[in-house]
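> Here's the letter readout for the chains.
2 protein chains.
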Amino acid sequence: MNSAEKFKYYKQIIEDNLDFGTKLVHDQSKNVGEAMLYSLSAGGKRLRPALVMSACEFAGGKAEDALVHALAIEYIHTYSLLHDDLPAIDNDDLRRGRPTNHKVFGEAMAILAGDALLNTAMDIMLSDTVKNIDCQDLFKRKVLATREISRAAGVNGMIGGQVADVENEGKKASKELLQYIHENKTGAMIVGAVRAGAFIGGTTEEELEDLTRFASYLGLAFQIRDDILDIEGDAAKLGKNIGRDIELEKSTYPVIYGMEESKRKFNELNDAAINILEKYGERATFFIDLIKMMSIREK
Amino acid sequence: MNSAEKFKYYKQIIEDNLDFGTKLVHDQSKNVGEAMLYSLSAGGKRLRPALVMSACEFAGGKAEDALVHALAIEYIHTYSLLHDDLPAIDNDDLRRGRPTNHKVFGEAMAILAGDALLNTAMDIMLSDTVKNIDCQDLFKRKVLATREISRAAGVNGMIGGQVADVENEGKKASKELLQYIHENKTGAMIVGAVRAGAFIGGTTEEELEDLTRFASYLGLAFQIRDDILDIEGDAAKLGKNIGRDIELEKSTYPVIYGMEESKRKFNELNDAAINILEKYGERATFFIDLIKMMSIREK
Numbered sequence: 095m096n097s098a099e100k101f102k103y104y105k106q107i108i109e110d111n112l113d114f115g116t117k118l119v120h121d122q123s124k125n126v127g128e129a130m131l132y133s134l135s136a137g138g139k140r141l142r143p144a145l146v147m148s149a150c151e152f153a154g155g156k157a158e159d160a161l162v163h164a165l166a167i168e169y170i171h172t173y174s175l176l177h178d179d180l181p182a183i184d185n186d187d188l189r190r191g192r193p194t195n196h197k198v199f200g201e202a203m204a205i206l207a208g209d210a211l212l213n214t215a216m217d218i219m220l221s222d223t224v225k226n227i228d229c230q231d232l233f234k235r236k237v238l239a240t241r242e243i244s245r246a247a248g249v250n251g252m253i254g255g256q257v258a259d260v261e262n263e264g265k266k267a268s269k270e271l272l273q274y275i276h277e278n279k280t281g282a283m284i285v286g287a288v289r290a291g292a293f294i295g296g297t298t299e300e301e302l303e304d305l306t307r308f309a310s311y312l313g314l315a316f317q318i319r320d321d322i323l324d325i326e327g328d329a330a331k332l333g334k335n336i337g338r339d340i341e342l343e344k345s346t347y348p349v350i351y352g353m354e355e356s357k358r359k360f361n362e363l364n365d366a367a368i369n370i371l372e373k374y375g376e377r378a379t380f381f382i383d384l385i386k387m388m389s390i391r392e393k
Numbered sequence: 095m096n097s098a099e100k101f102k103y104y105k106q107i108i109e110d111n112l113d114f115g116t117k118l119v120h121d122q123s124k125n126v127g128e129a130m131l132y133s134l135s136a137g138g139k140r141l142r143p144a145l146v147m148s149a150c151e152f153a154g155g156k157a158e159d160a161l162v163h164a165l166a167i168e169y170i171h172t173y174s175l176l177h178d179d180l181p182a183i184d185n186d187d188l189r190r191g192r193p194t195n196h197k198v199f200g201e202a203m204a205i206l207a208g209d210a211l212l213n214t215a216m217d218i219m220l221s222d223t224v225k226n227i228d229c230q231d232l233f234k235r236k237v238l239a240t241r242e243i244s245r246a247a248g249v250n251g252m253i254g255g256q257v258a259d260v261e262n263e264g265k266k267a268s269k270e271l272l273q274y275i276h277e278n279k280t281g282a283m284i285v286g287a288v289r290a291g292a293f294i295g296g297t298t299e300e301e302l303e304d305l306t307r308f309a310s311y312l313g314l315a316f317q318i319r320d321d322i323l324d325i326e327g328d329a330a331k332l333g334k335n336i337g338r339d340i341e342l343e344k345s346t347y348p349v350i351y352g353m354e355e356s357k358r359k360f361n362e363l364n365d366a367a368i369n370i371l372e373k374y375g376e377r378a379t380f381f382i383d384l385i386k387m388m389s390i391r392e393k
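So the protein sequences, as listed, match chains E and R. Taking the working numbering, I'd label the letters of the first sequence as residues 95 to 393. Taking the working numbering, I'd label the letters of the second sequence as residues 95 to 393.
There is no bait here: all hints are sound.
So the derived label-pair ranges between C-beta atoms look like this:
id: 1; chain 1: E; residue 1: K266; chain 2: R; residue 2: K117; range: 25 to 33 Å
id: 2; chain 1: R; residue 1: V198; chain 2: E; residue 2: N369; range: 46 to 54 Å
id: 3; chain 1: R; residue 1: K225; chain 2: E; residue 2: S268; range: 30 to 38 Å
id: 4; chain 1: E; residue 1: N226; chain 2: R; residue 2: G137; range: 37 to 45 Å
id: 5; chain 1: E; residue 1: E158; chain 2: R; residue 2: E372; range: 48 to 56 Å
id: 6; chain 1: R; residue 1: E99; chain 2: E; residue 2: D320; range: 54 to 62 Å
Honestly, the hints are just simulated from the structure, not real lab data. The model shown is predicted, which means the values in this text are computed figures rather than measured ones. In this text, a Cβ means the ideal position worked out from N, Cα and C, and glycines have one as well.
With these hints in hand, go ahead and build the complete structure from the sequences.
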């Protein structure tokens with residue numbers, strides 16, 4: 095399997111199992127299950143869960159061992175988009191080419207479906223972890239992975255970045271603040287995904303450190319790419335409205351650094367990320383190819 | 095210490111440590127910390143965290159061992175109230191005698207502060223658990239407690255009940271649906287609190303089973319009491335508006351069963367709860383007194 099096929103393979107496993115947590119929903123509240131599944135199955139790259147599974151393999155485990163944590167991270171990512179789209183926050187009507195959750199299920203249900211996705215993510219990770227309670231080593235590793243993901247989603251991770259982002263709409267952010275937003279709003283979950291997968295796979299200290307640095311470069315590059323595509327991208331291909339950042343007066347890389355410098359920074363981060371993992375040779379192929387797949391082709 | 099003093103003691107520990115998780119908030123997003131703390135420190139009975147700590151003691155542990163999980167459950171309870179109060183859901187202006195979170199911090203921040211409370215709850219429980227990673231027994235017990243709380247908050251617990259409640263506003267619920275809502279919206283977290291504390295304290299199977307039955311009666315009784323007080327209570331004492339259930343056309347015990355039958359059911363549940371724990375003699379004093387403290391005095 096080459097890396098593109100591998101990514102497809104991970105994506106397929108994830109998409110085949112998206113209802114893993116929503117199946118738990120009781121009949122009396124089944125609409126929340128539908129609302130959850132609506133947003134979960136709206137497509138998307140599935141980058142974060144693919145990172146969980148590939149990092150698990152990189153560290154010596156089987157991708158399937160990390161499946162529940164991979165799903166959980168996709169649930170958390172989905173809840174964050176769902177709440178971000180709400181009228182009180184970004185007020186978006188379109189997400190991945192479809193009406194946003196609150197447009198279909200109403201605002202009350204969209205809030206609760208977001209909450210339910212986050213709760214279910216934690217629930218499935220912990221249940222999966224407890225299943226391994228008698229296998230001391232894997233049990234510990236799954237607890238560490240669960241902790242990693244919960245920390246990445248929290249106030250010193252994604253939510254912290256979201257808050258700073260929302261609070262600074264309409265203001266020109268300092269470079270430090272922009273860095274904080276990007277590192278947390280997007281970066282934290284990408285780092286968390288890689289670290290969680292690595293834990294489950296039985297990572298060494300050195301591998302973990304390298305993967306963490308790799309993921310933090312990847313996460314920042316990924317966000318800069320998103321900022322660039324919001325200006326230069328193709329709405330139909332992206333499945334979302336273009337120019338929303340500018341409409342919402344968000345501070346983005348192109349706004350603060352200019353387009354040319356943003357692209358330079360993006361390429362620099364990609365190179366740095368590749369450099370870190372090159373010493374691992376073939377084992378790192380998927381991660382290195384991932385960086386290459388993400389590159390922005392000049393028009 | 096008699097039971098009233100004991101409750102006060104638990105309450106004090108909780109209130110002294112409410113900022114345990116909000117202290118983690120980064121300077122760049124410190125407003126979310128303030129919003130979280132605003133709702134956390136708005137008062138309230140602190141019943142759920144007191145149950146975590148008392149169940150831990152009942153099962154042979156120290157109350158302080160369960161402190162982080164007790165705080166986490168209060169964070170989760172607070173997030174659920176905060177989101178319930180939002181304009182799109184119950185649209186409440188007043189909670190515990192103060193303006194609701196979105197009235198003070200705006201709707202966007204209130205949504206994110208709720209999310210942050212839930213995330214932080216998971217984060218502090220898992221960090222606390224991982225701290226005990228080298229003490230195999232306590233580590234396992236804390237994982238089980240964390241799982242218990244996450245399950246109680248999830249789609250087969252609190253969120254499930256919230257969804258069914260919101261979806262059935264304005265309709266007369268069947269008795270089965272009312273039972274489902276009460277067992278989940280309120281009951282699940284009360285059962286979860288007791289079971290989580292019991293795990294941390296090192297409970298036996300039999301104790302766990304008895305405590306679970308006790309807590310499920312307590313939870314239902316507690317919700318019926320709430321329904322009754324929404325009609326017969328004193329707004330000033332409760333710190334919230336009276337008659338909101340009727341305004342929102344919620345299905346409550348008095349609506350479905352009538353007031354007299356509701357009070358009969360309430361007393362019956364209290365008696366049943368006491369019966370289960372009587373065999374434990376003095377060890378159960380706090381729980382039994384708790385039931386007595388909760389009783390509704392006739393006007």
